[in-house]
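2 protein chains.
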Amino acid sequence: MLSGGDQDVPDGIGMTRLAWTRLPAADGEGAGPSTSGAADDELFSAAAVESLDYEVIENYAYREEQAQRSKFWVPYYIMLKWLFALLIGVGTGLAAIFINLAVENFSGWKYTATFAIIKHSYFVGFFVYTIFNLALVFSSVYIVTNFAPAAAGSGIPEIKGYLNGVDTHGILLFRTLVGKIFGSIGSVGGGLALGKEGPLVHTGACIASLLGQVTCGCAAGVAAAFRAPVGGVLFALEEVTSWWRSHLMWRVFFTSAIVAVVVRSAMNWCNSGKCGHFGAGGFIIWDISGGQENYSYQELFPMAIIGVIGGLLGALFNQLTLYITKWRRTYLHKKGKRVQIFEACLISLVTSTISFVLPLLRKCSPCPQLETNSGIECPHPPGTDGNFVNFYCSKDKEYNDLATIFFNTQDDAIRNLFSAKTFHEYSAQSLITFLVMFYSLAVVTFGTAVPAGQFVPGIMIGSTYGRLVGMFVVNGKLYKKLNIEEGTYALLGAASFLGGSMRMTVSLCVIMVEITNNLQLLPLIMLVLLISKAVGDFFNEGLYEVQARLRGIPLLDSRPKQVMRNMNAKDACKNQKVVCLPRVSRVVDIVSVLRTNKHNGFPVVDRGQNGESLVIGLILRSHLLVLLQAKVDFQNSPFPCGPGVLNRHNFSDFVKPASSKGKSIDDIHLTEDELGLYLDLAPFLNPSPYIVPEDMSLAKVYNLFRQLGLRHIFVVPRPSRVVGLITRKDLLLEEDGNTVMSELQSTSVRGLLNGKMLGGNAHLEHPLLDNLVIE
Amino acid sequence: MLSGGDQDVPDGIGMTRLAWTRLPAADGEGAGPSTSGAADDELFSAAAVESLDYEVIENYAYREEQAQRSKFWVPYYIMLKWLFALLIGVGTGLAAIFINLAVENFSGWKYTATFAIIKHSYFVGFFVYTIFNLALVFSSVYIVTNFAPAAAGSGIPEIKGYLNGVDTHGILLFRTLVGKIFGSIGSVGGGLALGKEGPLVHTGACIASLLGQVTCGCAAGVAAAFRAPVGGVLFALEEVTSWWRSHLMWRVFFTSAIVAVVVRSAMNWCNSGKCGHFGAGGFIIWDISGGQENYSYQELFPMAIIGVIGGLLGALFNQLTLYITKWRRTYLHKKGKRVQIFEACLISLVTSTISFVLPLLRKCSPCPQLETNSGIECPHPPGTDGNFVNFYCSKDKEYNDLATIFFNTQDDAIRNLFSAKTFHEYSAQSLITFLVMFYSLAVVTFGTAVPAGQFVPGIMIGSTYGRLVGMFVVNGKLYKKLNIEEGTYALLGAASFLGGSMRMTVSLCVIMVEITNNLQLLPLIMLVLLISKAVGDFFNEGLYEVQARLRGIPLLDSRPKQVMRNMNAKDACKNQKVVCLPRVSRVVDIVSVLRTNKHNGFPVVDRGQNGESLVIGLILRSHLLVLLQAKVDFQNSPFPCGPGVLNRHNFSDFVKPASSKGKSIDDIHLTEDELGLYLDLAPFLNPSPYIVPEDMSLAKVYNLFRQLGLRHIFVVPRPSRVVGLITRKDLLLEEDGNTVMSELQSTSVRGLLNGKMLGGNAHLEHPLLDNLVIE
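Protein chains in written order, with my numbering: chain A, 1 to 775; chain B, 1 to 775.
Note that these hints are calculated values from the structure, not bench results.
Please note that a few of the clues may not be correct.
Which copy is meant is left open, because identical chains are indistinguishable; a pair holds if it fits in one copy or across any two.
[Unchecked claim] Think about it this way: if two alpha-carbon atoms lie no more than 30 Å apart in a straight line, the pair counts; the simulated DSBU-like pairs of lysine-lysine are: (1) Lys-729 x Lys-326; (2) Lys-729 x Lys-663; (3) Lys-598 x Lys-729; (4) Lys-110 x Lys-663; (5) Lys-395 x Lys-729; (6) Lys-577 x Lys-274; (7) Lys-574 x Lys-729; (8) Lys-729 x Lys-334; (9) Lys-577 x Lys-729.
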């Protein structure tokens, strides 16, 4: 089971030395992320796994005792990883194209039909428009509530949690993937105030999870959603993973490049008109490279104001969505699927009504004088995309500015807001109306049981007030002589709102540059992001952190809390009762320990040569459950077992399937006879979990835990002596590495043949063989 | 001493709990990076420091026992950090502008003068050109050899080493900064086959080191060199640091943004002609946004070939420079400064001769028919930048294609190679001649005693063969109908060579996009980078790694070596004699230990309550030296000291100045009487260094060491019991964090008042107070 490799064994390199005498799966502390909330310590850092995993497979190869094969196994496995990265890229790219194709065609048909009908009757047009939206939203919410509840929302907080070490139930299942794809077509096509970008990240992660590389999938999702490959890599790096290595970056980068190629190819193919309404915009989603080329220092002030507004509105958005999600969870969604479906449909009706009726109430404006070679028509012909929508206007040369942004697909609305050379297209009144209404809709829509991203709504909101500020700047006395484009301010507004809400920096910056293809504005985007993030941070946490916390996903921050500096390791576990298992335990004792404790790992102790107590390792609950269910290792004697145990288990026995609940002790039924037998735990335990002395600062322990992605740390008494001191020099096995290796390997063989040779602990290092020597 | 904060205490959060009873500097294991090679274990991860440092300062504040002040100290210190980031950005930006201004003006004068003179006499022109170059190169090599030897080369391997934990002597001194700035003006202005980008990274790091944030400086350097702020952040992330946290990213990002603003402002100011030859090119260095907009799949094949060539030539470059640097170090540079100066001058003469004479030997070509509105003139007027240089041509409407790239500043040459709409400008013969000659010059120049970057030479080399491939594609039968630009292939060639030599991926990709302002080509750049890196990796390591290794900078890879899986912690230190110091040691014993051992840290042991031996912490050699020199802590009695010791030392006593050699035991002179006294080490030690059990896999130990940026790990016997088990849940002090804190704080106060209360180890936790209780 190849996907298992990824979801297994966070610090799985511990016992490789002894691997060939033991079950490799017993080495790692994890057998896949467990369901959140069931027990107290079952969480582990899946992220830490992403680059260690091939070592597990390699351990497995060791166990097979096929030294020859293992030589080729590692390169083969690395090849496989790259192949998977390729497949993830292709898969996510295709999924994105499919979603885009469906959404843009549904929207296209909807607006074409509506515009055709309103020539005759606005009322019938409204009816058709509403019904079309309602049908799509209903299909979405029906799919989600009935088949894939984990597909609701953006999925990013859950993925973030997964890569931080917490698995939300069902988040990466195949049915979630399917639900997400079809659900987001319905919800986005249905015109709700949400986007398809977050769901695409989740889609990418689901596809990647099938092949065991979730981080690659996240990057691929962003790359596909925004056609921003570099942005995707940075998003995965900055926002999603808790843990990162440079070779992982390299593979993530490859996946993103593949996505870019796949999407671009599809769009080239679509350019010939084979895909209906899809693909007309080109690879760059909202190209503003023809806009403002330069800026003056006087403009920095209004831009800073945009940053502040972004921070305030973003923080407010996070806070409001927090309240509304809490309310939903407490009152609404407890009442079952029907309420959820009704809620989504109601919001769809409200959204349709507002987006149709509000522009109707707005007076049309006369078309401005446009340069003939600007390529902009006013009003643009019906059935095409562009600025200056003619909606409920009495004269031919009039357009409705509110309809241009409200009664339009979100992509087109953003393109219209970002557009250059269209001064005074929008009235302040229309922009304010739209801002208030759309902001409210976005807040209300957030948390309904449909797949929903916050990127596009965020860009809509931000670009609206950005353009508003831009209008004031264009009209302002100070700035009259400058070459200012309102569209540039709209872009900065979009960046500021996303920065104020999601608190991303580098990745968001790169994404904004990649979706608008304007590198010149990079310093300005950086500026507004810095300000909006700082303002937002003053009030609350980022959107994903707030939502993750709300969903009970306990993310470990990268920095220990202040209070931890005043605590030590012992303080953190002082109310704990440590339950140790002896090396050879009675089955009935194990069962009773598992029943009465919720811990996920247990220290195993044994007697040393001089009869002193020694901690010989950590055994996982999940592995104990596997052993109890298999029963093949039960033995009559209370003495250590022989080596035959190695062949009784497959590696895959100990691998938990992705995102399943895992076994419970209650599922295992043992007879009275079986309960009286014994089980030797030595072959199955992790022989050297990380240890810390009891008076180590908790902040230091935290860093250890977080940086290495651990699940368990043993707190032990102060050591009585120091065997050695490891420094950088000891870890640099340079040119003479080979000699060291051969020397050590031979030592280890000698140690093996003569169980006593390595000193007092030799019997611990080779429990199975030691046993052979004794008997 | 504020800069000390950054270069101090890699895992300095260990003893915060006890900090108020101890000297905080004694907590961290490091007092600044030590000079490489002097002792065996003096290396530590400066990188790990970059975000922990404020905790040290805070410890200091604790020690001052000004609880009120410390409340404001942390925000104040964070503010200070951001202010420093701002200053680093401004400083690096200004340094970059200064270097650019000087280089471009020197080059401009040189070429203007030469072109003016060769109207009359080519021989006099050659003479002036050569002398001008020679004078600049001589000034550069003279400055470097006599004042700042550490300024030679690019400095990137050394900075990389510094952030990985190894300090090369003098690499971040102020004189190195000055030498680097003026040296690179000479070497780049002098027309050698090297660039100013690497030196700018080093310059940024030096400036940043003054303010204690080296990572920010690296990013600022790249941002300034390429006017690529995002590329700078990614460069620091991917290539330089060994260790990274998201809040560090945020500050690095800010610094880069500041650099971008500063550089852009200066260029705007220069646009009015106030800066001579500088600033004409605009913010984007080699803008090719007007080039090829699309590509067909048939082109992927020649592009893949470019990638393969890049990988091969890049790997060859790394290998040749390795040999030549080895040869230089072994034979040439041992002979002293004069040889180094002579060598650089000789190379300057050769470079001048080749770049002047070779174009002379080349026949001029007739000017092609150019579109009138393309803005390109043939030949371009003398004294201006542009394609189609008229050099030794008999007719007016002729140009010399070899002179266009060879007898030109590198920036202009690259611009000419990247240029679009200039089909058939270069003959294959000229390109091949240039490629061979310039490649050889770049290899030979590498390693001379002048500041030298490899970016621009790499771009030159790469774009030459890239353009060559592009020419074949344009002429090829298969591709005739396509819209192909040779300049695009030149860009891909540049990316491929850099990828093949430096093996960067994401950062290089972003830098290429930012310097050429063409996002459309991103997937293609990714493709050639992937191929060239893969091909290069097949042969050897990246340029910086090879050079770092050569210079004796032992970089720790992010992954443990294969052989470590077969070793355990004990194996790594089995030939070691562990020297322990008792808590209260005789001065003579300490001196003798320091004299006979080169270790940088020593375990300190004491007797527990029941007389058992206990390891109570780690004391650093450097701290022992400070104590021996200060002498104030010497005492007559062999019993633990009182608490008065706290006021005898300043925090700064224990901070080593940046990049100095540090004290040696031989510098300390003690009288016979003093040698007979005692020293209580307890207040000065790190009470909880990280420990690993002796049979833990060395690969696991390596990860711990590398991820946490440690200097020392204690290898201890297997523990006899487990006091507690720390899991994720124990580290999540959520809403009830405050209650936990107050509860624990009170415990700790009680523990303090009643030394015995915390159990058997209480006297270890509060050695000073315990002592009070006993006496």
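Between copies, within a copy, both or neither: which fits Lys-110 and Lys-663 at Cα up to 30 Å?
-> neither (49 Å within a copy, 79 Å between copies)
Classify it for me, Lys-729 with Lys-663: is the Cα-Cα distance of at most 30 Å met within a copy, between copies, both or neither?
-> For Lys-729 and Lys-663, only the inter-copy Cα distance (21 Å) is at most 30 Å; the intra-copy one is 45 Å.
When no copy is specified for Lys-395 and Lys-729, does a C-alpha distance of 30 Å or less occur within a copy, between copies, both, or neither?
-> Intra 83 Å, inter 67 Å, cutoff 30 Å: neither.
Same-copy or cross-copy closeness of Lys-729 to Lys-326 [CA-CA at most 30 Å] | Intra 54 Å, inter 23 Å, cutoff 30 Å: inter-copy only.
Given identical chains, is Lys-598 near Lys-729, meaning Cα to Cα at most 30 Å, within a copy, between copies, both, or neither?
-> The answer is between: 12 Å across copies meets 30 Å, while 42 Å in one copy does not.
When no copy is named, should Lys-577 and Lys-274 be tagged within, between, both, or neither for a Cα gap of at most 30 Å?
-> Neither: 67 Å inside a copy, 76 Å across copies.
Up to 30 Å between alpha-carbons, please classify Lys-729 paired with Lys-334: within, between, both or neither.
-> between (60 Å within a copy, 27 Å between copies)
Please work out whether the CA atoms of Lys-574 and Lys-729 approach to 30 Å or closer within one copy, between two copies, in both situations, or in neither?
-> between (37 Å within a copy, 13 Å between copies)
Check Lys-577 against Lys-729 for me: Cα-Cα at most 30 Å, and say if that holds within a copy, between copies, both or neither.
-> between (40 Å within a copy, 15 Å between copies)
When each numbered hint is compared with the structure, violations occur for hints 4, 5, 6.
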